[in-house]
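Undergrad: As you go down the protein sequences, you meet chains A and B in turn. For the first sequence, numbering that gives the first Met the number 0 assigns the number 0 to the initial residue and increments by one for each residue that follows. For the second sequence, numbering that gives the first Met the number 0 assigns the number 0 to the initial residue and increments by one for each residue that follows.
It is worth saying that the hints were derived from the structure and are not from the lab. Ideal placement from N, C-alpha and C gives every residue a C-beta, glycine not left out. Each statement offered as a hint is correct.
Here are the simulated distance ranges between beta carbons: (1) B:Lys96 / A:Gly20: 34 to 40 Å; (2) A:Asn7 / B:Ser98: 37 to 43 Å; (3) B:Glu113 / A:Asn7: 47 to 53 Å.
Chain by chain, the residues:
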Amino acid sequence: MVWKEALNTAKEISERAIGHGAEVDFRHEIDEAVDNGTPKPRAEKEAFIDRIDGVGNEARLSGVVDYRSKNWRDFEAALNELFEDNDRKTFAENSENPSFFRNVALGPVRPAEYNKANAYFRGKFNGEAPKHFVVNDMAANVKMMNALVGRIFGELSPVAGNNVDIKAILTAHPEIGADLGMVEKIKQELEKSEERFGREQLHKKEFEQFKEDAGGSLRDMFWGAPMEFLGKAAKTFGKILKNPSQKSIAEGFLSFSGAVMKFAGKELLSTAKLAYGGTKTTLLYLNKLRK
Amino acid sequence: MNEEIITLVKESFLSEKEKSFLLKIIENEGATNSFFEKFKILLIEEIKNISGEYKNAIEDLNAGFTEIDSWLEKQKEGLGKDAEKQLSETDMTDMKKKSEIWNNYDKKMLALAEEYKKKLSELTKKLMFSKIK
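My request is simple: use the sequences and hints to build the entire structure.
TA: The following block contains the structure:
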């Protein structure tokens with residue numbers, strides 16, 4: 000018995016470590032309710048309804064369901080614990096089937112709903128929000144999610160107290176499963192909408208950097224080679240000016256004359272400078288572009 | 000003449016270290032060494048040349064970027080309007096259709112970003128190669 004408990008604890012720690020803490024919490028909640036005398040099917044339904052209500056509250060009160068919403072994660076954990084992959088697949092398929100998915104009567108997006116979606120983007124993206132139609136679509140999706148979650152809550156609540164298993168209820172009422180499938184689909188669309196805008200912002204930043212780099216490369220190309228040359232020249236002049244003896248001038252002249260001559264031939268310097276500095280810079284730049 | 004070149008150097012895009020180095024040479028009035036004088040005159044001429052060439056190149060680059068940016072904005076506007084129109088014609092509860100519209104929009108936007116990047120690269124490469132010919 001002790002070994003079984005230890006093994007179970009180790010399993011739960013591993014689950015939490017891979018981000019499945021919400022699933023562990025859901026199981027604990029059910030176990031606790033069962034220990035307190037609640038029949039398991041009832042405990043599962045109550046915990047499930049409680050979680051879907053959490054998502055509904057978030058959608059209604061904040062006007063969005065956050066990308067990393069804890070309410071959503073708890074609800075998702077309940078879905079993971081109560082249903083098999085095949086059930087989820089059926090929910091998704093039924094959500095696209097008009098025989099199961101019932102219409103939702105939605106009015107147009109209201110200004111308050113729109114403003115909440117807009118504020119959500121601005122809060123997440125340094126005051127930036129996408130175009131009107133993107134925000135409007137997000138607000139419409141949240142509105143629909145809110146309506147569906149409300150419908151699921153309303154239809155499951157009356158049967159929460161009985162001892163019928165939630166899977167049996169959804170088999171008898173595939174239209175509720177279709178709503179669940181649609182809710183999951185909406186969450187995916189909400190996430191995609193946020194990822195899309197995030198990607199656009201990232202592109203914008205990258206391209207601004209690209210432009211800055213291009214300007215920097217031109218600067219290096221024009222100024223880099225002459226500055227390298229002048230650095231060498233400065234050292235020579237420093238020596239001459241420090242000790243202007245006949246010998247140092249002569250030595251300085253010998254070491255420097257080639258460079259001065261090159262420098263004096265402006266045409267030559269221009270070509271050499273751009274051919275050297277330009278090619279070097281361009282190659283570096285092209286390498287960077289390939290990344 | 001020195002005043003003019005000093006302003007040029009001060010307003011250039013050079014680093015502070017580079018600026019101070021050039022200014023040290025330009026402002027060194029005490030030197031009578033003929034090599035130094037020759038060097039200074041050539042240096043001043045060269046700075047003017049480089050500064051002019053650099054200014055022109057940067058102006059060309061910025062003009063190119065502005066043109067490409069306005070092309071991008073126009074394309075984005077067009078894609079946005081298309082998506083907006085399609086969404087407005089779609090029942091907002093029809094998630095399947097809406098998802099198709101967005102997937103299509105995403106594909107076009109990604110292609111547009113690639114095209115934009117290509118245009119920026121081509122402009123920069125063209126400008127650099129034209130200067131080193």
